[in-house]
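Here the protein sequences line up with chains U and Y, keeping their order. The first sequence begins at 1 in the working numbering and counts up by one. The second sequence begins at 1 in the working numbering and counts up by one.
Keep in mind that the hints were calculated from the coordinates and are not lab data. Heads up, a few of these hints could be off.
With a straight-line Cα cutoff of 27 Å, these simulated DSSO-like cross-link-like pairs (lysine-lysine) come out [as the list claims (entries may be wrong)]: (1) K173/U x K144/Y; (2) K183/Y x K144/Y; (3) K452/U x K275/U; (4) K541/U x K453/U; (5) K228/Y x K173/U; (6) K230/Y x K191/Y.
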Amino acid sequence: MSSSTLFLRKATGLVRSWSVFDAFVYAFFSINLITLGLYIFSQMYYLEGGLLTTAVVSGIIILTQVVVYAGLIAVMPRAGGDYVWQSRILGGGIGFVLAVTGWWFILWLWTPLYSDMLRHEFFVPLLGILGMQGAADYFAWNPNAWFIVSVIMIGYITVIIALGMRSYARVQKVCFWVGLAGLAIVFLFLLFGSHDAFRAGLDARAPEMFGSGAAGGSVYEATLAAGEEAGAVLPMTGGSLAAVFLAMPYIVFFNLWPNWGATLYGEVKGADDFKRNMLGMGGALVATTVLAVVFFLLINKTITWDFYTNANGAYWNYRWGFTDQAPPLNFWPYPAMLTMFLTSSRIVQFVVILAMSMWFFGWAGTIFLSSTRVIFAAAFDRVLPEAVATVHPRTRTPIWAMVLMVVPGLIVSILYVWDIANFQSLTLMSTLVIAITYLGSTISAIILPYTKKEMYEASPIAKYKILGLPLISVAGVIFLAFLLFLLYQWLIDPNGLYGIGLTNTSSMVFMLAMYGIALVIYVFARYYRRSRGVSLDMLYKEIPAE
Amino acid sequence: MAALPEVQSAVQHIVELAAEQGMVLRLLGGLAVRLHSPSANHRSLARQYADFDFVLADRRTDRLAAAVAKLGYVPNQSFNLLNGDRRLLFYDERGERQMDVFVNEFHMCHSIPITADRLALEPVTVPLAELLLTKMQIVQLNEKDVRDLCALVLDHSFGDGDDDMFNLPYITSLCARDWGLWKTITINAQKVRDFADAYDLEGGQKLTITERLDVLRNTLDAAPKSLKWKARDRIGERVQWYDLPEEVQRG
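With these hints in hand, go ahead and build the complete structure from the sequences.
Spelled out as C-alpha cells, the structure:
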C-alpha cells in the first residue's frame, strides 16, 4: 500500500458560485471610490474636517464593522445575511422590519442616486468628448434625461442580475481590472502633469466641450470665485477632531458598505472561514482607503485641492438652489474628466473615461443583487409570498423580486429627479436607514456569544477573544457606539449639517412610511400564516437550510 | 434500501419522463457505474447507492421539476432558487433518497463539458468517458469512488469510440486543454492503482486495472498540449489547480 489517502466525503458537494476574490471585488465596488466616493466628497465642500483624515479615521473605525460581519457570516453563512441573523437572534419582527427597510425599501431611494452618478461619469463626459455639447448639457442638467438614465440603468442591472452569480462575477471582474487600469492612467496623468498645464487645458477645452458659465473669461478663475462664494472650505487634511467626526456622517455614504455582500455569503466559497471573510471585506476597505488617499494627494498636486473643493462648491451651490448663478464649469466636477483636460487627444480622453466608467458598470448591480437574497430569505420563511422567491424558468431573472425593487425605485426616482416634496434633500437618508439595519445586526453580534452559546462555541470565531471577551462582541460594541453617533448626528443634527433630521418633514415621513409598510407586512403575514396553522415564531427558532 | 432492479427501474422511469418532455437527462455517479460494470457487484467492490446523480443538458429546469414531481420528488426550494442555473436538488416523498441534478455542466473539482450530443450516446447514463472523468476529477477521493473506478476500469478498456469503452481521444483532448484536470486524473490513476492492490481482487484483475491505467497515463502524457497548458505546467502545484466542493446543509 502506498501513502495515498482517502477522504470521508459524505455526499456530492457543491462548488459555490463565488470565490473569495469575487467577494473581495464585490466589497471593493460596494465602497466605490469613483462613484459613491467622488459623488459624496463633492457634496462635502462646506465641512471643515480634512477629507483625507476623515476617510482614514472612519476607515479604521469601520474595520470593527468588518469584524462584526465577518464573524456573523462565519457563524451563519446564509443567503439573506442581516435578515437571517436578526430574525434568529433578536426575533422575527425586528429582523424583518429592519432588514427589509435597510436592504429593500431604501434601495428605491438609491435608484436616482445611482443614475445621477451614471449620467455624470458616463453620459456627460463622453458626449462632451465626442463634441456633442448640446447632448452633454441635456444629460447634465435636464431631469428628463436623468430619468431616462435611470430607466437605462435599471435595464442594465436587470440583465446582469439575470445572468446569475457566476456570470455576474465575470462581468464584475472585467470591470474591476479595466476600471483599475483607467484609474492608473488618471493617476499617471496627475503624477506627471503640472498644475499650469491643467489650468491651461481646463480654460481651453472645458468651454469647447461642455460650454461654460464663465462668460468668456477664465473658467479656472471663475470657478475659484464661485466656490468661495458658495462657502467651499473643505480641507484635504487637518481640521479639529470634532470637525473630522462631523464629516463622518457624510463620508459613510461611501465607505460604510464593505459588508454589502453579507447577504450573498451563502454563495461564497469557504464562507465559514472568518479569516477569509476578513480578507475579502477588510481588504476591500483598506485598499479603497489607500486609493482614496493617493487620489487626494494627486488631485492636490496637479488640480489643487483648492480648485477641486471650489469647483464642487460652485456646482452643488447652484444645484441645491442656493444661487441662481450657474457654475462656470458646466458639468459635475468629475476628477477623471478634470484630469483629462491635461491632454488634447479626444481618443485618449474617451478611452480613459470609458475605462473609468467600469467602476460604475461593475458596481451597479450592487443596488439590487444583495437585496434579492433578503427578499428570498423572507419568502422562504413565508413572511413574504412564495411567488417573490421564484425565477423565470429560462432567464432565471427573479422577476417578482425585481418588480418589487424596480417599480417603487422608478416612482421614487420621479420624486427625486423632479424634486417633488423636497426629495432631493433626502440623499443621506439612503445611508441612515441602512445604518439602522446595521444597528440591529451589530446588537445581534454583541449578544450572539451569550444567547446562541452552543452555535457560537461550535463556530470558528469562538477562539478569537480580547481580554477574555468574544472579539465579535468587543468589535460590536465599538461599532455600535459609532452607529449611535452617526444616528444622533443625522436625526438630531445639532449643527444643521446633514439636512435629514427631525426638522425635515419629508425625511421623517419617508422614513416612517418605510418602517410602517414593513411592520404592516409582518403583522399581516403573521396573522395570515397563523390562520393557516403556520407559526412564524416556531419557524424563527430554526436556522434556515442552505 | 431498495433492491437494485427496483432502483434501476426508477432511474429508467425518470430518464423516460424527461425524454417525454424533450429533455436529455442522464444518470452518473455510483449507480451509473453499477449499471455499466458487473464488477461493481464483486464482493470487494460492492457498495451502497444512497442517491441518484443526474446531468441535464437543458435550461428548462422547471419542466424537469414538473416531471419528477409526478414521481413524488419534491424540490429543495431555497437551494434550487439560488443554484438552479447549475444544480437542482429533489427528495423523494419518504425522504429516503436524494436526487442531485447537474444542469448543463458538471463542475466539481474540475469542469467536464456536458453536451446533448454526447449524452445521446447512451440511453440511461452518461457515456463511459464522462462517467470515468466525473469520478477521476475528484480530488478528495473516498472509498466508494475508488471502488467505482476499479469496477469501471476492470470492465472497460480505452479505445477510439464510445461503444462499451472509454473514448480515449475525447478524454485526451480535454486533458490536453486543461492542465488541472490532467494533474488530478494522473494523481488519481496512481491512487486507484495503489488501492486496487489492497482489494481482494484476483491477480489478473489487478493487472488489468494497472495496464489500463497505464494506457491512460501514457496517452495523456504523450498528447500534444496547448500553450496555455504548458504555461500552467510551469507553475505546477504551487497554485491550487482544483476547486473543493463544500458540504451543504440541506435541511
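Hint-by-hint comparison with the structure:
1. K173/U x K144/Y: With a Cα-Cα distance of about 38 Å, the restraint between K173/U and K144/Y is violated, given a limit of 27 Å.
2. K183/Y x K144/Y: Measuring from Cα to Cα gives roughly 21 Å; hence the hint holds.
3. K452/U x K275/U: holds (21 Å)
4. K541/U x K453/U: Measuring from Cα to Cα gives roughly 14 Å; hence the hint holds.
5. K228/Y x K173/U: Roughly 20 Å between the alpha carbons, so the hint for K228/Y and K173/U holds.
6. K230/Y x K191/Y: holds (24 Å)
The structure shown violates just one earlier hint, number 1.
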